[in-house]
Amino acid sequence: MSAAVRPRLSGQARLLFWTSMLVPLAGLALFFLYPMAIVVRRSVTLGDGSLGLDNYIRILGQSHIWGVLGNSLVMSGLTTLICITLGFAIAYALQRTRMPLRWLVSLALVLPLLAPSLVQALGLIFLFGRNGLINQWTGWGIQIYGLPGLVISNTMYALPQAVMIIGAALRHSDTRQYDAARVLGASPWRRFVDITLPGARFGLLSAGFVSFTITITDFGNAAVVGGNYRVLATEIYAQVVGQMNFNMGAVIGIMLLIPTLLAVYLEKLASRREGASESAIPVQPDRAWKRDLVLGTLSQATALVVIAVVATVVFASFVRLWPYRLEMTFQNYNITQENGYKPLWTSLYASTLTAVIGTTLLFALTVAQRQLGRGMAKAVYLLAIVPVGVPGLVLGLSYVLAFNTRAIFPGMLYGTALLIALCNFYHYHSQGFLTMVTGIRTVPPALEETVTCMGGGPLRGLRDAVLPVMSPVLVTVFFFLFMRGMVTLSAVIFLISPTVSVGAVSVLRLDQAGYSTQAAAFSVCIMLVVLAALGLMRAILWLMSRRREVAAAA
Amino acid sequence: MQLKIRNLSKLYGQFQALAGIDLDVGGEEFVCLLGPSGCGKTTLLRIIAGLEPFNGGTLELGGRDLAAVDAQHRGFGIVFQSYSLFPHMTVAENIGYGLKVRKVAPAEIAAKVAQLMDMVHLTPFAERHPWQLSGGQQQRVAIARALAVEPSLLLLDEPLSALDARVRAELRGEIREVQRRLGIPTIMVTHDQEEALTMADKVVCMNAGTIEQIGSPEDVYARPRTRFVADFVGTSNFLGPEAAARLGQVPGAGQGDARLLALRPEDVLLTPDPAGEGVVAGVTFLGNVNRVALDWHGAPLLVDAGRGQALRPGDRVALALVPGSGTWVSA
Chain A
1 MSAAVRPRLS GQARLLFWTS MLVPLAGLAL FFLYPMAIVV RRSVTLGDGS
51 LGLDNYIRIL GQSHIWGVLG NSLVMSGLTT LICITLGFAI AYALQRTRMP
101 LRWLVSLALV LPLLAPSLVQ ALGLIFLFGR NGLINQWTGW GIQIYGLPGL
151 VISNTMYALP QAVMIIGAAL RHSDTRQYDA ARVLGASPWR RFVDITLPGA
201 RFGLLSAGFV SFTITITDFG NAAVVGGNYR VLATEIYAQV VGQMNFNMGA
251 VIGIMLLIPT LLAVYLEKLA SRREGASESA IPVQPDRAWK RDLVLGTLSQ
301 ATALVVIAVV ATVVFASFVR LWPYRLEMTF QNYNITQENG YKPLWTSLYA
351 STLTAVIGTT LLFALTVAQR QLGRGMAKAV YLLAIVPVGV PGLVLGLSYV
401 LAFNTRAIFP GMLYGTALLI ALCNFYHYHS QGFLTMVTGI RTVPPALEET
451 VTCMGGGPLR GLRDAVLPVM SPVLVTVFFF LFMRGMVTLS AVIFLISPTV
501 SVGAVSVLRL DQAGYSTQAA AFSVCIMLVV LAALGLMRAI LWLMSRRREV
551 AAAA
Chain B
555 MQLKIRNLSK LYGQFQALAG IDLDVGGEEF VCLLGPSGCG KTTLLRIIAG
605 LEPFNGGTLE LGGRDLAAVD AQHRGFGIVF QSYSLFPHMT VAENIGYGLK
655 VRKVAPAEIA AKVAQLMDMV HLTPFAERHP WQLSGGQQQR VAIARALAVE
705 PSLLLLDEPL SALDARVRAE LRGEIREVQR RLGIPTIMVT HDQEEALTMA
755 DKVVCMNAGT IEQIGSPEDV YARPRTRFVA DFVGTSNFLG PEAAARLGQV
805 PGAGQGDARL LALRPEDVLL TPDPAGEGVV AGVTFLGNVN RVALDWHGAP
855 LLVDAGRGQA LRPGDRVALA LVPGSGTWVS A
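Chains A and B, in that order, are what the protein sequence lines are. The opening position of the first sequence corresponds to residue 1 in the working numbering, with each subsequent residue numbered one higher. The opening position of the second sequence corresponds to residue 555 in the working numbering, with each subsequent residue numbered one higher.
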């Protein structure tokens, strides 16, 4: 059979296609694949420059690394266990019961998105640290540093994601299954065991993997409240920044990569088996006062703790001398250490870059990917979602190894806000890409084909068929990247220089230097910026939906 | 202008979606591509539109090879089942869209849009947005939008399938009337035989990627050439030569491998007869007629009986054929 007779694309269409395809892929190659390859190479490069597995053997031969690995596993395992138990209870309470004060729980679930991951730890220390308010008042002498502090702060950090995933699984179940069981005579408990639990199984699994992954690779809380309890994330930092032992750092980076990649793979496997039917009728919340009382109290108590911890940070930022002189002052906001507020502006600038570059490249890639054949499209899709399996810490390390070189391209990028922006973009590449793909699937293909048949070129197709549907998605992705850029710590911790630093790092440095109330003040500034961004996003999305309504009313 | 398709074929990987398609559409013809889902009719329409590449054969319009022209430059009009109106544009903007793409002067666009809105009875809705319209109204807008650019060919992809029965019947007539008035050659894809029979000048019956028969609606109904056509368009009984002989039908000379007699239920006349060869197995009420399932020499046979004929299961009947009925088809 002869080759396909395909009308030649116009020059404009070809240019558009190749640009929107190759620029994002080149970005992925240079700022993701290349640094990752360097990490792998450095992990097998020995002191004398030859290749071999000696680094691995040496690291595994050190007795303390097994201790660190064990610590990491115990900490993340415990956190995961708590997260899925508590997460299921809260998700169930939100989805299926008529619990009062739902807004309180929702607020508690939004907070961790607004602040750098070390804010939970910072708040805990203000309450339970050596100079903690509670210890001062009661004289109990609770020891929060180490495992307990890590588990608590990481639970607060991972819980919102667990609730979101489990909640989505609960939302997908079909009320007709419950009706059928009821007609057959099943008690509420039987219905829970036979329908609810099996239905949420993959959600629980997925939430477990996500909790495990983000806590085993988290750097912020570990650095602040870890104390002498050493975990892989702090170990990698100590090897690289403390001892300048890049090759050893690379080995630990690879070790961190393994559980994460495994978790991502298992989660994909699990979600593929989950066949949510499109026509499911959602289950309506009902009332059962005993159940609602227990779940409601648990959810609200958890929410209160999360809110209290963050509120403590806000409160501490206005206190003259924690915890001895609790009078109100603004002096903590007069930050002069660590370049003062300069890192905040750098964060703002870099996050804006992340959002602009990221939204543009992701949109281009999504549009181009649609025009590919099935096999190629799948390859691009896989490449675009691989970054989700790479912890920020490992990505940051890979950037040091790849870009901290001679000051020609690409080494000249090292120490610039642009490189920080790119690192944050590729760190969150996968989530942004998935959102874009979901969005572009809602663009009816027939609409674009109509434009083509009516004589419109590909740019017109984008403007008249794709953009009107996609603009809320673009706004969402833009602000998602911006907000992540503002609060992320683990990737950029390696990329800062004496002159170019970011806000999240300032919080860490101020805390480590003993200026904890100023660290709190700086956190509050970051939270305000993110909160403003969140508000702006909501306002824009609201205006977009409203323009439609106004047009409808006219 | 004449659309000429010769020996066209299409592969999806190893799957042969279309094979050896020959089709001419000319003048002011209204052509229906009719077939079950998966027969390749939509693929053929999309190839004609230029939205889908093909693997072999030729596609010409007025002597010009369409393989070298992409969809954007073919100048055809297309209407999809899903309406596919631009959600952010008003009715008038949607209809004028193709003219705007062609950079026609605004005053000229406004005049053309007004004329088309009048033609499809949408003038009062000019400033509305698509979601404020019913399905039938939306599809009228889509049709007007396709017609605004005076296409050399109008392509309709199951345009009525998403509408309810009443609106569907109404729009059938309207589409046909507008098409006749403007004299634009039109190809419509449908799986609804009634739609094809009532609307088309020419019905193209497709099955498994090939054309089974092309003919006028009367042709394909009264003189189906293959068993598939006789079965898909209307209802048919199929009798082998032996059974057909019992009703006095023998294949004519030169009918080759035509081995089955296709008999419409209305081609058979029943008379109650205690010595008859048919036994009534069941009766289904269809409104205008009763469809009688007969057991006739051990084989089932469907026959339409008038409402006056009160037949009950177990009754014996004698069979006769309406003169000139029955067609020999290839198995």
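Calculated directly from the structure, the hints in this document are not laboratory data. Please read these numbers as outputs of a predicted model, since none were measured by experiment. Hints may be right or wrong, so weigh each one.
Now the in silico label distances, taken between C-beta atoms and shown as ranges [to be verified]: (1) B/Pro660 / A/Gln12: 46 to 54 Å; (2) A/Ala532 / B/Leu565: 33 to 41 Å; (3) B/His675 / A/Gln12: 46 to 54 Å; (4) A/Arg538 / B/Thr838: 44 to 52 Å; (5) A/Gln12 / B/Ala661: 22 to 30 Å; (6) B/Tyr566 / A/Gln12: 27 to 35 Å; (7) B/Pro660 / A/Thr442: 49 to 57 Å; (8) B/Leu565 / A/Leu197: 25 to 33 Å; (9) B/Leu565 / A/Leu22: 23 to 31 Å; (10) B/His675 / A/Thr442: 25 to 33 Å; (11) A/Leu459 / B/Gly581: 45 to 53 Å.
From the derived model, a few chain A residues whose C-beta atoms are all more than 10 Å from chain B [stated by the list, open to error]: (12) Leu22; (13) Arg41; (14) Asp48; (15) Thr175; (16) Ala181; (17) Ile195; (18) Arg287; (19) Arg325; (20) Ala446; (21) Gly456; (22) Arg460; (23) Val469.
Cβ atoms here follow ideal geometry from the backbone N, Cα and C, with glycine treated the same way.
Evaluated hints:
no. : hint                            : result
1   : B/Pro660 / A/Gln12: 46 to 54 Å  : violated (24 Å)
2   : A/Ala532 / B/Leu565: 33 to 41 Å : violated (56 Å)
3   : B/His675 / A/Gln12: 46 to 54 Å  : violated (38 Å)
4   : A/Arg538 / B/Thr838: 44 to 52 Å : violated (60 Å)
5   : A/Gln12 / B/Ala661: 22 to 30 Å  : holds (29 Å)
6   : B/Tyr566 / A/Gln12: 27 to 35 Å  : holds (28 Å)
7   : B/Pro660 / A/Thr442: 49 to 57 Å : violated (32 Å)
8   : B/Leu565 / A/Leu197: 25 to 33 Å : violated (48 Å)
9   : B/Leu565 / A/Leu22: 23 to 31 Å  : holds (29 Å)
10  : B/His675 / A/Thr442: 25 to 33 Å : holds (31 Å)
11  : A/Leu459 / B/Gly581: 45 to 53 Å : violated (36 Å)
12  : Leu22                           : holds (22 Å)
13  : Arg41                           : holds (39 Å)
14  : Asp48                           : holds (53 Å)
15  : Thr175                          : holds (27 Å)
16  : Ala181                          : holds (35 Å)
17  : Ile195                          : holds (35 Å)
18  : Arg287                          : holds (36 Å)
19  : Arg325                          : holds (59 Å)
20  : Ala446                          : violated (4 Å)
21  : Gly456                          : violated (5 Å)
22  : Arg460                          : violated (6 Å)
23  : Val469                          : violated (7 Å)
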